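Asks: Protein sequence lines correspond, in order, to chains A and B.
Take the first sequence: its position 52, counted from the start at 1, is 1270 in this note's numbering, and no numbers get skipped.
Take the second sequence: its position 55, counted from the start at 1, is 363 in this note's numbering, and no numbers get skipped.
Calculated directly from the structure, the hints in this document are not laboratory data.
The structure presented is a predicted model; accordingly, all values stated were derived computationally and were not measured.
Accuracy of the hints is not assured; some may be wrong.
[To be verified] Computed cross-link-like contacts, BS3-like style, restricted to lysine-lysine with a CA-CA straight-line distance of at most 25 Å:
(1) A:K1264 to B:K346
(2) A:K1337 to A:K1264
(3) A:K1264 to A:K1319
(4) B:K346 to A:K1337
(5) A:K1319 to A:K1337
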Amino acid sequence: MSSAAPGRNANWIGWTILEWTARLAVALLFIYTGYTKVMDPATFIKEVRSYELMPFALSNFTALVLPWVEIIAGLLLIASVWRREARILLALMLVVFIVAKAAGHGGDCGCVPTYSFLKPLFEGWMGFVTNAVLLLLLGVETFLERLRRKPAPEALPDIKQEPASA
Amino acid sequence: MLRSGVRILVLLAGATLIGVGYGRYRQIPLVPDVQQIKEERDQRAIWVQQTGIDLADFVRHYQAGRLVIDARAPEAFEEGHLDAPLIMNIPAEAAHDCLHRALSFIGTPIVIYCSSADCESAQELWDDMRSWAFPPETLRVFHPGWIGIQEAKLPIARGPDMFQDDLGQQSEEEETSAVEDYADAAAESGEEPQGDDSSGAEEEQEAP
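Isolated chain A (complex conformation) (with noise of 0.2 Å):
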């Protein structure tokens, strides 16, 4: 059965792939950016507070808090544990993170450090491309999880209306 065309087929091997690939990408990206915050807090907060989207009072305390939970998000989806609170944390970040640049901090989001490969993805308005594609591809990979939990037509048991007896 797997090996055959996609067709309508929830349990083809291209699915599995599509969506662990879509999976991998969401959520290594999310690890990798919030290590580099850890490991750099001081810049991190300076990138907090730039964004003034909250009180002065609470930068520190989300720049601390806020790489451990990409961080933790990220394990999560992986490891398929919790992986529809993670999803969720991860999605509620990316939107928060869209709102944010389109509030006026169109520049450097603060993402990736100035030296990562990775920092033309998030560099003026390829960071709204960056984060919507995320935002896709996490969509993606819950729908193809969906559908592929869904039980094929005949492997659902035959219920057969008995003819009641006297």
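Following the hints, position chain B against chain A.
Replies: Leaving out everything else, chain B in the frame of chain A:
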């Protein structure tokens, strides 16, 4: 739905615990001290004014074959750095392990740069170099940093620090004694430590 909500709260609580614990480990206060930050900003503004070198002087400096120090992390240096005849990568966080490589340049004009005008690595390294008896008047900082180098379209290169092979050739005792000897000599003479080429630094400071 309720179960998901509870799990999300547990995740956030876990991240908060780790984040706060990590903040304590790195000695970062949870609530910033506004007054202290203002004072630090003022002090930094003065330091920036005192140590800054403009683009033209910076170009003259490295083209003359004088030492440039990149204070960023080795990964950042490998990704790209100024293509100067004499450039070293001395990460601020590993200054005490690497500064012996620059000891032979004590007294000569040295320019440090880090990632951007906001980065602190250059200042950290500048402080460390002062404590290693590098005369402060010979230490200048190109404040726009790596971003400024790229914006000015200065030549850039990739790859690791070519001087890295020198690491470990000098024992710790030798490094310490060299620094102590220099500091003692400076203290005995009662003068600010000056190098052979310090006049070059003064020339650079005066240059427009």
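Asks: For each hint, tell me whether it holds in the structure or not.
Replies: Hints versus structure:
no., hint, in the structure
1, A:K1264 to B:K346, "14 Å, holds"
2, A:K1337 to A:K1264, "17 Å, holds"
3, A:K1264 to A:K1319, "16 Å, holds"
4, B:K346 to A:K1337, "30 Å, violated"
5, A:K1319 to A:K1337, "15 Å, holds"
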